[in-house]
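Trainee: Residue numbers (my numbering), protein chains in the order written: chain A, 1 to 294; chain B, 1001 to 1317.
Honestly, the hints are just simulated from the structure, not real lab data.
Backbone N, C-alpha and C fix where the C-beta goes; we use that ideal spot for every residue, glycine too.
Worth double-checking, as some hints may not be accurate.
Computed list of lysine to aspartate or glutamate pairs in DMTMM-like fashion (alpha-carbon distance at most 25 Å, straight line) [what the hints assert, rightly or not]:
1. B:LYS1223 - B:ASP1210
2. B:LYS1071 - B:ASP1042
3. B:LYS1130 - A:ASP284
4. B:LYS1130 - A:ASP30
5. A:LYS241 - A:ASP57
6. B:LYS1232 - B:ASP1210
7. B:LYS1071 - B:ASP1058
8. A:LYS60 - A:GLU244
9. B:LYS1130 - A:GLU291
Listed next, the stretches of chain B that the computed footprint assigns to chain A, with coverage defined by at least 3 CB atoms under 8 Å from CB atoms of chain A [as the list claims (entries may be wrong)]:
10. 1130-1143
11. 1148-1157
12. 1289-1298
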Amino acid sequence: MTAIADALIHAPVPKSRGYWASVAVRLSRDPVAMVALAVVLAIVLAAVFAPLIAPADPLKGSMIRRLRPIGFPGYPLGSDELGRDMLTRLIYGGRLSLFIGVTPVLCAFVIGSGIGIFAGYLGGWVNTMLMRVIDVFFAFPSVLLAIALSGALGAGILNSIVSLTIVFVPQIARVAESVTTQIRTRDYVEAARISGAGPITIVRVHVLGNVLGPIFVYSTSLISVSMILAAGLSFLGLGVKPPEPEWGLMLNTLRTAIYTQPMVAALPGVMIFLTSISFNLFSDGLRSAMEVRQ
Amino acid sequence: MLLYTLRRILYVTPVAIGVSIICFLLVHLAPGDPLTAVMPIDATAAQQAEMRQAYGFDRPLPIQYGIWLWKVLHGDLGNSIASGRPVLSEVSRAVGNSLILASVATLIGFTFGTFFGFVAGYFRDSPLDKAASALSVFGVSVPHYWLGIVLVIIFSAQLGWLPPTGAGPDGSGNWRPDTEHLRYIILPAITMSVIPMGIIARTVRALVADILSQEFVQALRAKGLGEWGVFKHVVTNAAPTALAVMGLQLGYLLGGSILIETVFAWPGTGFLLNAAIFQRDLPLLQGTILVLAMFFVMLNLLVDVLQTTLDPRIQRT
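Take these sequences, add in the hints, and give me the full structure.
Mentor: Here's what the structure looks like:
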């Protein structure tokens, strides 16, 4: 008997993982999410190290070698309407495209969570007032609001980032408000308040830890939309200005080539699509790994 | 029911006022004021001030807003700077074309979306379900303006089956329901339908799966109802939500059609917006956005009331 008891006492205790570690493990068992993450990482790394891996200069063209087909010697993915190397421009294009696509979501994450948590934690008339204002922004379809704002502000990278941030802030704030309202009435928050914790301590210790996860997952699902919209604004001529390489703008300037070099003309869109779908699939995987219900 | 409808209308009023404030402020977001674009470059400071006074731009913003709103409520959206014509007549002509395109696209998206959603919801985790899920991810991830270009490349540039741009053979600004004009709407409508298709497929799949797992379905089967009879129950239960999603998608498409309309040179509101932005025609920009946003607000209200009429369980407070 003692031998069995001994064995039980000295049996190795299974180490329990923390929440984020278990999310990472679950995520690593999701093949779709892992492939999506690999694609996103590849595009990001290519953009960061563009000067090292790109075969040519993204701005230097040759008018006698314009619109070469895919696979032409010296131009692995052909050349554009000004004879610039497409592969180089697609690699460099990731820099601006990712920047103008991801930045608005980051900014909106900070501002929207702030507004939402503030409104949700305070409750009462402050909440009602803020949320009614937020409701007004939901009366505009996102594409319309983005184009209206950047149309009024004028073309430019900064203006397009500002417009898209304004589009996403209400959406994130609404999610942040609803999760904070749920957490606020929990017993442990009540207990902390009764034991004398101030509002800042309660928000920092008890609220933030519980609400940032769901808000974060929701925000990652917006990156895909943001990439499409940001490139769309450049496509319309409202974002990045020529001759900078950016996928939306490249898609626009290559429209004249759809009869002569259709494959080359479609390439920038392939990049936008690839990035957008990878972010989407990764976000879906992250959501199920975190078991967050929307 | 009447009381509920009235409460919804009451609730929508502040939203509508908020929308009008945002549209009014849009013009003031722009660098300079709306007159900068029309003012002659060599106008003296005194002449500029005179013009500003004549148009009321020297008054405080709240008063300007009041005057503007009063005019809007009387159907006066101002005149387009580029063409000089009333904004309202320009917008109403374009809205017709956009509405036709968005409706056809919503119909295509709804038909295929519900079909794929039902198949996926009925056969969970089968290869059919996987295919339908992949299709809906494609629908929400694809840059639709690029899809439009790809379709033009395939069906216009390569095969030569369909016209690449425009709404009709005469190059005129209006689409008409005849066989010749029908060829022009096919590509933009298919391009546009991809988004609602994905979203409706996703919604219907979740709805069907949820309904099938409920106890009343088990009870129906237990009392010996055939699969067809059960299917009819599933349809009746899924219909209100599916129709509501369809209605909202119509609104999103109408407001978000600018990119697709630009690709296909479709003479709708998106095309009008594009022109307004690049000619710095701020009254036209403001008027078009106001009309589209108000349309979206009213559509939301209509969908909400209709959905509650069809399914009284979902009254919102």
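Trainee: Can you list which hints this structure breaks, lowest number first?
Mentor: 2
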